[in-house]
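S.K.: Protein chains in written order, with the numbering used here: chain A, 1 to 297; chain B, 1 to 315.
Wrong hints could be hidden among the right ones.
Distance condition first, Cα-Cα at most 30 angstroms in a straight line; then the derived DSSO-like pairs of lysine-lysine [unchecked claim]:
1) B:312 x A:99
2) B:298 x A:91
3) A:99 x B:137
4) A:167 x A:91
5) B:312 x A:91
6) B:298 x A:99
Derived from the structure by calculation, the hints contain no laboratory data. Since the structure is predicted, the reported quantities are computational estimates derived from the model, not experimental observations.
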Amino acid sequence: MLEYLSFGLIIQLLVNGILFGTMYGIAAIGLSLIFGTMRIIFLAQGTTIIFLAYICYWLFTLFGVDPYLSLILVVPISLLLGAGFYHALFKEAAALEDKNISLLIAVGLMFLVENLMTVIWTANPRSILTTYTSLVFRPMGINIPFTRLIALLMAVLSASGVLLFLKKTLIGMAVRAASEDMVSATLVGISPHRVNAVAFAIGIGLAGIAGIGVATIYPFDPVYGFIFALKALISLALGGIGNVYGALLGGILLGLIESLASFFLSGGWSDAISYAVFLIVLMFRPEGLFVRAMLKT
Amino acid sequence: MKDKRAIILTVLGTIAFAVVPFFLDVDTSYFAYFLFLSFCYTVIAQGWNFVAGYTGQISLGQHAFFGLGAYTTAIIWLHDITKTGYYFDPVTMMLSGLVPVILAILVGIPLLSRLRGDYFALGTLGVGEIVKVIFVKGGAFTGASDGLHLPSTMFESMKPYYWTGLILALFATAVVYLLTRSRIGLALRAIREDEMSAAAHGIHILKYKIFAFAVGAFLAGLCGSLYAYYLLHINPDAVLKLDWTLYPILMCVIGGNGTIMGPIIGAFFVTALFSVSNIYLVQMHPILSGTLIILVMKFMPRGLIGLIDTIKSRR
Numbered sequence: 001m002l003e004y005l006s007f008g009l010i011i012q013l014l015v016n017g018i019l020f021g022t023m024y025g026i027a028a029i030g031l032s033l034i035f036g037t038m039r040i041i042f043l044a045q046g047t048t049i050i051f052l053a054y055i056c057y058w059l060f061t062l063f064g065v066d067p068y069l070s071l072i073l074v075v076p077i078s079l080l081l082g083a084g085f086y087h088a089l090f091k092e093a094a095a096l097e098d099k100n101i102s103l104l105i106a107v108g109l110m111f112l113v114e115n116l117m118t119v120i121w122t123a124n125p126r127s128i129l130t131t132y133t134s135l136v137f138r139p140m141g142i143n144i145p146f147t148r149l150i151a152l153l154m155a156v157l158s159a160s161g162v163l164l165f166l167k168k169t170l171i172g173m174a175v176r177a178a179s180e181d182m183v184s185a186t187l188v189g190i191s192p193h194r195v196n197a198v199a200f201a202i203g204i205g206l207a208g209i210a211g212i213g214v215a216t217i218y219p220f221d222p223v224y225g226f227i228f229a230l231k232a233l234i235s236l237a238l239g240g241i242g243n244v245y246g247a248l249l250g251g252i253l254l255g256l257i258e259s260l261a262s263f264f265l266s267g268g269w270s271d272a273i274s275y276a277v278f279l280i281v282l283m284f285r286p287e288g289l290f291v292r293a294m295l296k297t
Numbered sequence: 001m002k003d004k005r006a007i008i009l010t011v012l013g014t015i016a017f018a019v020v021p022f023f024l025d026v027d028t029s030y031f032a033y034f035l036f037l038s039f040c041y042t043v044i045a046q047g048w049n050f051v052a053g054y055t056g057q058i059s060l061g062q063h064a065f066f067g068l069g070a071y072t073t074a075i076i077w078l079h080d081i082t083k084t085g086y087y088f089d090p091v092t093m094m095l096s097g098l099v100p101v102i103l104a105i106l107v108g109i110p111l112l113s114r115l116r117g118d119y120f121a122l123g124t125l126g127v128g129e130i131v132k133v134i135f136v137k138g139g140a141f142t143g144a145s146d147g148l149h150l151p152s153t154m155f156e157s158m159k160p161y162y163w164t165g166l167i168l169a170l171f172a173t174a175v176v177y178l179l180t181r182s183r184i185g186l187a188l189r190a191i192r193e194d195e196m197s198a199a200a201h202g203i204h205i206l207k208y209k210i211f212a213f214a215v216g217a218f219l220a221g222l223c224g225s226l227y228a229y230y231l232l233h234i235n236p237d238a239v240l241k242l243d244w245t246l247y248p249i250l251m252c253v254i255g256g257n258g259t260i261m262g263p264i265i266g267a268f269f270v271t272a273l274f275s276v277s278n279i280y281l282v283q284m285h286p287i288l289s290g291t292l293i294i295l296v297m298k299f300m301p302r303g304l305i306g307l308i309d310t311i312k313s314r315r
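Just chain B, same shape as in the assembly (with noise of 0.2 angstroms):
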């Protein structure tokens, strides 16, 4: 019964979000710029929520999977390499997917297997940051500080860039709805609780963690993609800075870490909260953002999901 209801409401709730571009002219409104941030965000929130809410181990490392997503996008184009179109090719945002999975599964073997909890997040961190200087000090293949000129007259509409990414927070929550459904996603809920004893049970912990990983640093990737289309010059400042992982995991936070729609609410919120301080309170605006952090940790740590669950058990 509340599965049907669940699936009845996303599916009304994608169609409305669907139908705003016959309404509003999405290239001139702000309002439609929100909803594809939104997006966007809500993609790489899922995908954190499922390595460190479902599976217990932090990443730091979200923004290096991100921007390599774009770069992976970006050089693939520029240099010609699947004749597939490039501009939201599937192929290119499927193989934007995968180049930092394979890096989540290079760093995550030596990583996972050595390293728990916070000295993991610091490990991840370290990652991010080496993965910037790589970057930044690779000559003329990844443009060096400057970054990469994607032919910009592609441009036309801001409307593609909204359906892709509403797509793609779609897409990020179903599977990480499926999988958390699945064996896996009890295995891996199991390692969150106790890893002794879910490796008593005949869980192969190593594996588990990294597909967890491998999936975050794929979703991640995935919108690194669709923000190189939207960008069209890529460089380490814009696409490997460190917001893209601490805003993903505010978001996840203030929205309700380890549930479903935790990281969607989080997601629209923050992402509305930085919007609207931005354009009223320009210089404040990070100065409100994180009084507002400090503000929720401290007063709702288990964040908007469970403000909304304290208000539900008192009725």
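So here's chain A without its partners, still in its complex pose (with noise of 0.2 angstroms):
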């Protein structure tokens, strides 16, 4: 293997793995903020992320929309999809000192969510094929497929629009307020459920970009929700959480270590290497590895 080792390969594996985390890094964004106010594991963003996901192919295959044009009709879709979660599911649950309930509420949802896609959709991979999905850039040689460098593009973009969304605006600044803590933000007069609909909101509207991303870019099929989110914890973790650069940073991070490992090691190893990471991180680095030290008093 290593014979055909050349500096145009590594290359080529690193944009591979920069292109393939930023979906994990959208993902991981959106668990952040989740679990940021709430304290919650959101288990089952990877499924919700499929679920819209299906809805993209729909709009596509039943009304020819095409997957970009519709991020116009997804993401709001998706932002309500996030604040009718939270009221109708997390509202009694984010309040209870025992953090069970919550991810438990979040497994259920992915059961649910995971078996009615498969009774609607079937078990059978779907993908969305379009004039532009094997068009390839060659810059220098290396292939950049067009589907993934908008993919990028949409995460570094939402990445931003929500880092902007935290610090300018009022309601993001309460966000934050609730994160830092929930009891002191409450004690000024932030309303807990307001930050918590509003953090969901826009934790499942990320979803919603990371889907039309997934549907744009690999087949999917139901149960794949899962293991893209056990991908986004890992970035999380990585990132540390409440960073919503070190999230996208994070899933980038990991999106390297899959494509180094598929490559030098066999496929099947690569997932065992994240995790690994993943727990040395937890435990040597629990705070993540992009922040500041001094954050931390």
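Build the complex: two chains, separate frames, hints provided.
M.R.: Listed below in structure tokens is the structure:
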């Protein structure tokens, strides 16, 4: 294997990893927001992403809507879905001390959505084929598929959007305050339900963007969601909880690890490697790799 | 007084379950299979209950211990290691419980000393996935993704499975009951309530946490061994799937976590629900289960035990 190794190949592996990892990153940002205010590990995130990918698939096959154009429909749907999830499912559980309950509600939701998708769309993998699916750019001999480039662009733009929202708007600041300390935030008049619902809506809104990214890049099936959620969790741990860019970088790092591991070892081991990295980071840098030490006092 | 009543009820209940095979054809009856499955789940659920309900450490890696138990049984049998007959052999089953204990101690020392709460849960999830990859990639020793085939001619009747399942469920419940009643149980509950204060009172936190984690692993491994005898074809998809962690957790929480009866009630209730919906609503079954988990968690967060307590206190 090593005799094929060249500088160009290394670059290609790195590029693949970065492009691959942005999807994990964008899912991880959503998880991070939800975890930030509610301390809930929303395990159904990946399944929700796949569900929204199916919505995009439906819009494409039934109505011929271009996947990227469907953003203007899918994102509002997912924002509403997120707020709906919070008000219908997590409102009471978020206030409880026992976090098992919200974890289990998420598991229940995952079961429900996963199998609903199996009933509606069957377990066969689906994919969206457009005129630009196989379009590949070749700057300096490196293959960059068009759809992945767009996914990277969407990820960076949405991460910046979320960051701006959190920094500049009043409700965004309230979300940040609630992530720091919910009790004090409540004392200064922030309604916990409102910030939780906003965090959830944005988290699922990002899932909508990730869903479109997934739908245009890979073939997907209902059970893929859980693996995706695990990968997002790993990215989150790598990047550090409550850190928007950290989560995105964590996803990219995970993508790099997977891309390199599956080349140098065989494909199956790459999962074990990424979990091992995850464990090591959890143990030695539980605050994440991209947090400056002085933030924590 | 209360203790005496509980013991009498347990003995009566056990006898009632034990005589079922004399009245019911265990080999063909779906009801007997349902009971067998409920016993299996009770064993794992009690183990998880001990770790999470009494000690407060949420483990999401029980399926690794379960699968490791099943694989230990299969490997000991196929490689003729202990030379003790293998089929329902207590030595093999004990070893299948002990190998997961070794893993629990090995991963428990780094994980439990460094990680708390959600992080520990995620860490155990990672361990579970790594174990799965190791078995899938294990080559001829673990049979890779096709798994290991045990001599299936050994299977004659469902009866030994039924009784062994019952004995294991009883054993698991007794172990958890006795441990929680002892000084160890007191220490574990102190850790659950407030780690800092427990440490200040001279409790060696790490030692007790690892002990609880190992007990949970032991019970999961025992059950894995029994299930290996039942399947006779062990493969990663069957014994290392996350369901073996998620279902017992569901059972504990639906039944009532941190109580001795909760996991038993939960195991029977959830298995019954799964079985019924499996027969009558084939494709809808997991949808129904998902909906039920959500509803129970939303409206009865303390589980069925909590519901019973509420009804009792109203009277």
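S.K.: None of the hints should be skipped; say for each whether it holds.
M.R.: Hint by hint, here is what the structure shows:
| no. | hint | result |
| --- | --- | --- |
| 1 | B:312 x A:99 | holds, 27 angstroms |
| 2 | B:298 x A:91 | holds, 9 angstroms |
| 3 | A:99 x B:137 | violated, 35 angstroms |
| 4 | A:167 x A:91 | holds, 25 angstroms |
| 5 | B:312 x A:91 | holds, 28 angstroms |
| 6 | B:298 x A:99 | holds, 13 angstroms |
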